[in-house]
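*Asks:* Protein chains in written order, with numbering that gives the first Met the number 0: chain Y, 0 to 308; chain F, 0 to 332.
Possibly wrong hints are sitting among the right ones.
Unchecked claim - Computed list of chain F residues with no C-beta within reach of chain Y, every gap over 10 angstroms: (1) G69; (2) V134; (3) R262; (4) I263; (5) R269.
Unchecked claim - Partial selection, computed: residues in chain Y whose CB lies under 10 angstroms from chain F: (6) E5; (7) L7; (8) N9; (9) D16; (10) F45; (11) G89; (12) A98; (13) A101; (14) Q103; (15) A124; (16) L130; (17) H167; (18) L234; (19) E266; (20) V268; (21) L300.
Calculated from the structure, these hints are not laboratory results.
All C-beta atoms, glycine included, are put in the ideal place defined by N, C-alpha and C.
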Amino acid sequence: MSERLERLVNLTATLLDTRRPLSLDELADRLEPSYPAEKAARRRAFERDKETMRELGIPVSVETIDGLGGEAGYRIHPNAYYLPELGLSGDELAALHVAVTAVQLEGSDARAGLRKLGGAEGAAAPQLAHLEVAPALPDCFDAVARRRRLEFEYRGDVRRLEPYGVVHKFGHWYVVGRDLDRDAPRAFRVDRIDGEPSLGEPGSFEPPPGTDPARYVRDDPLSYGEEPPVTATVLVAAARAALVVDQLGDDAVVERRDDGSIVVGLEVVNREAFRTWLLELLEHGEVLTPPELRGEVVDWLSVQAGGRS
Amino acid sequence: MSPRVASGGARLQRVLALVPWILEHPGVTLAELAERFEVDEAELELDLELLPMCGLPPYTADRLIDVYLGDDGAVSIRLAEYFERPLRLTPAEGVALVAAGRALLGVPGSDQDGPLATALAKLEDAVGARGGLAVHVDTADHLDRLREAAERGDQLEIDYYSSARDEMTTRVVDPVRVFHALGAWYLAAWCHRAQGDRLFRVDRVRALRPTGQRVETHGRDPEQGSSDDGELVYRPAPDDLRVRLRLAPEAAWVAESIPVEERIERARGRVDVVLAVSGRAFLERLLLSLGPAAEVLGPAEAKEIRATAARRVLARYEDAAGRRQGGDDDVGG
Numbered sequence: 000m001s002e003r004l005e006r007l008v009n010l011t012a013t014l015l016d017t018r019r020p021l022s023l024d025e026l027a028d029r030l031e032p033s034y035p036a037e038k039a040a041r042r043r044a045f046e047r048d049k050e051t052m053r054e055l056g057i058p059v060s061v062e063t064i065d066g067l068g069g070e071a072g073y074r075i076h077p078n079a080y081y082l083p084e085l086g087l088s089g090d091e092l093a094a095l096h097v098a099v100t101a102v103q104l105e106g107s108d109a110r111a112g113l114r115k116l117g118g119a120e121g122a123a124a125p126q127l128a129h130l131e132v133a134p135a136l137p138d139c140f141d142a143v144a145r146r147r148r149l150e151f152e153y154r155g156d157v158r159r160l161e162p163y164g165v166v167h168k169f170g171h172w173y174v175v176g177r178d179l180d181r182d183a184p185r186a187f188r189v190d191r192i193d194g195e196p197s198l199g200e201p202g203s204f205e206p207p208p209g210t211d212p213a214r215y216v217r218d219d220p221l222s223y224g225e226e227p228p229v230t231a232t233v234l235v236a237a238a239r240a241a242l243v244v245d246q247l248g249d250d251a252v253v254e255r256r257d258d259g260s261i262v263v264g265l266e267v268v269n270r271e272a273f274r275t276w277l278l279e280l281l282e283h284g285e286v287l288t289p290p291e292l293r294g295e296v297v298d299w300l301s302v303q304a305g306g307r308s
Numbered sequence: 000m001s002p003r004v005a006s007g008g009a010r011l012q013r014v015l016a017l018v019p020w021i022l023e024h025p026g027v028t029l030a031e032l033a034e035r036f037e038v039d040e041a042e043l044e045l046d047l048e049l050l051p052m053c054g055l056p057p058y059t060a061d062r063l064i065d066v067y068l069g070d071d072g073a074v075s076i077r078l079a080e081y082f083e084r085p086l087r088l089t090p091a092e093g094v095a096l097v098a099a100g101r102a103l104l105g106v107p108g109s110d111q112d113g114p115l116a117t118a119l120a121k122l123e124d125a126v127g128a129r130g131g132l133a134v135h136v137d138t139a140d141h142l143d144r145l146r147e148a149a150e151r152g153d154q155l156e157i158d159y160y161s162s163a164r165d166e167m168t169t170r171v172v173d174p175v176r177v178f179h180a181l182g183a184w185y186l187a188a189w190c191h192r193a194q195g196d197r198l199f200r201v202d203r204v205r206a207l208r209p210t211g212q213r214v215e216t217h218g219r220d221p222e223q224g225s226s227d228d229g230e231l232v233y234r235p236a237p238d239d240l241r242v243r244l245r246l247a248p249e250a251a252w253v254a255e256s257i258p259v260e261e262r263i264e265r266a267r268g269r270v271d272v273v274l275a276v277s278g279r280a281f282l283e284r285l286l287l288s289l290g291p292a293a294e295v296l297g298p299a300e301a302k303e304i305r306a307t308a309a310r311r312v313l314a315r316y317e318d319a320a321g322r323r324q325g326g327d328d329d330v331g332g
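Next up, chain F with everything else stripped away, as it sits in the complex (with noise of 0.2 angstroms):
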């Protein structure tokens, strides 16, 4: 049930959910019990059982609840007067619930006065936080094209920025679904060219075609784990470079906020930690961002990929005449 509770409270959870809904709905049947509370039968008639020897002191007939289970699988609950309402939602209980109902309510495209709407309000006056919770979800230019693409299963050729690999692709992908994540929009699709499952930021998808193919893999569950940029569940590679990195205090959210392999507590709030990188770009970014909060302690490869991007970017700094003449650089690789 809830990850916070341990198993033993998991039951008395349920029981306490349970009890308040039989009373209210006598005669409600043992399978829509089980899935109406997501429990399986067997398990539901466990906690039947065990209700009739609960009750009050002194626990004589008049005391302990009144379990009445019929041929028909019919449930009626009754001397359980106390257990009438269901309790309190807790924070994390009312949070979660608030939270999933404005996210969804974000989407665009929602109903703004459905039910989703007037139940979320309900909610919120009864736990005193109306307007108290805001879920921003940000569209994006080709969201419901893409949404849609994925739905009716048309294939698609793109044009792609990867950040990773800082660079414009074009690609031929057949969308398997569309969701937001992280706080962007996200594309699961097979990806010819890659020739596999990739994850791609809707964002930074900059023109789609339709290639007038059908796709028959739309609404599967892709692959977990294949981002294109390594950004939402990157997964690394055997032949991903490892760099091994000492973070300074200021910088040891990376190791919270990037997956790391290792990880070791240094003194004085440093920590060392090694990274799987599959995109150079990715590196240069990190380490140039990080600057002296980030020292590379190896391997070779990776402090001249610093060097060398530093260079780079110095280049334009110092190429004066490059940068009024516009004589820009193209799509780097």
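With the rest of the complex left out, here is chain Y (with noise of 0.2 angstroms):
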């Protein structure tokens, strides 16, 4: 165990220190603790070391050596190892600090970055809040970063996306971006990416100036959908009205009756989000009109109903 972590540290130095790729043989010749001598014991070890670098980030450049007939050298590039220095200050490192307490990650690696940056400076902070974070994340975070074209596959649909931002908001995260099948703004949900996505070059897109992600994830979910739009009027019994408008906001409101009930006015874009939200009201809401949208809920009940039609 601490001789293959003891060559993990000789490893990473020799190639960091390296100014050409040294090939598999020649690393073996130099390293200690060395590999096996024989030859696919040694890729095998090899190859080993060389993915748990990868999972740590590690970038382990892989090039063709000259005049040795086309083997495969390695080496890290220094550029491409070392974390830039961003002259934090010990407020700065303990308010991150305060973050990564405060803020629980599911399944994060924040407290490991935060370890590069210098550790835990100053207190920890009682849990104040909680963000899930979807697989897809991380990825869709360094096409941002790193402005490189994401294509992904939702929900059944291969989509090509620049992505501007990713967005927390209704307790997922989105990312958000220029569609370029569609070209227009749309914004995904990163927990439905099923897979993983596909990165491309960095550098490859420049998001408009003044672009702010946010803005692309609309504040109402009832506004995700592509059909024709339709306003559809909604009667919500007092004991609910107030909910409701907490919900919509005032301007959703067209009518307000003297038993308290009030009828709100949306937008909708996307049928089964409408009738999903208007469920959760139960016998407290009811589509007025258009009649057809009205109809099409008296129909999905009538079937659950049993025994009428």
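With the hints in hand, could you dock these two chains into one complex?
*Replies:* Take a look at the structure:
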């Protein structure tokens, strides 16, 4: 165990220090503790080390060695390895320590990141917030940071995006940007991306000046959809009126009745999302207009009521 | 350390962060390092014992890392220039740090020009993601007063809308703490009505009144997993109704979004799940909104709950007079 760690430290040092790519044979000749003499075992052990290093984000570069019949050589370019000087003050480091302890990110690498910046400065904070981390989030963030195009599978479609930002809202992460196939701004739920996204070359695009990614995620989850918009009015019973006003805002109220019930108006571009929202209200909500939408809700419920149609 | 890194990598990761710090801060004590890097001193000493065996070929004395550990616990390192800077942040580390910072900065009342804000700006500039990550933290009507009550230990009487049961309730609670999760603010409190720890969505607290009593339990760690609504960390009780559903592919997300006790993949992308249900209204909403995408396999009681709820909602549409004259139902139960 510690012999492997010793070799990993030495391998990292050697690859950082070298000015030219080194072949596996050269590495095996030089390194202590060295690799097994037998070729296949040597290759396996080296690949395992390389994998461990890559998991940590150590940028092991594979290059062709001139004059050795195209044999692969390995090195670490210092510029790709070294963290740029951030110039964080003690107060700033302490503030980041408070942030990573107050905001818990399930399964995240925040603490490992903090150690690179100088570790835990000052006191920890009681937990104040909890965020989920979707598996595709680091790739999306990397694509935003390095202006790489993203391609991913999303609910059965392949989507191509110039990502301008990642936004956490309504308890979910969204990646937002310009959808290349639709040539329009779009937001996608990061946790609904299937598999690993593929990332294009760095520096492939520039977001328009003044882009505010948060504005791409609309305030109202009901407004996600691409159906022709229909304006619906919904009667909400007094018992739930205040909750609905909180959710939709005062502007949505088109009528206040004497019994305390209200009528709200909303634009529907996604009937499924609308139905889910409406049925959250159970018997406290009723679609008034348009008649087709009202009819659809009645049909939807009738099937489930059983024995009626 | 990092959850994604295997144990062999975890120590390498620590060593690569530790060495640059010691190089930059010669004479730092073992105790300070242990605290800063969140590792116990014995483990740290093992790392420091390993380093003098490391270096560059041909591993002669002038090529090996030189570690000096003084009697006073002060540590210095020489001959490790190639480790003078830490390794770059990975995207996973970068996004986690920036997200944590942005989330905290988004909490109402945070100092928008303080050290956290300036630290984030430096960090985002270094990774190239300035303005590329936003965390929206909602505010809620009674958030400030609830946070204050939890901090001071004021007992409260609250009017609360329970979504799982679809009812308005009034109850006396001993606030423990207030926190943000899954896009909403929660109050963790001892509920006198339920005689247990409960979580309340702050945006469903409709009104609050201090009772004038002080509570001693604020700030403690509440029992986890006791949500009033089964929304945050719902833990099924033995007598909760178990419902077996067959989900069509378009409803398979339910198995990911709601804790299920059993999950069996079926042909053509369908999934069978067993859910434990504490609140009847929760099940009503779930079934009514899923519609034909969720078939209730059993028990009969669950099928009946669905049919009754559908009829109850439909009754509104059939009773036009009640609608026009405002003969609205009151709080449902």
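*Asks:* Tell me, in ascending order, the numbers of any earlier hints that this structure violates.
*Replies:* 2, 10, 19 and 20
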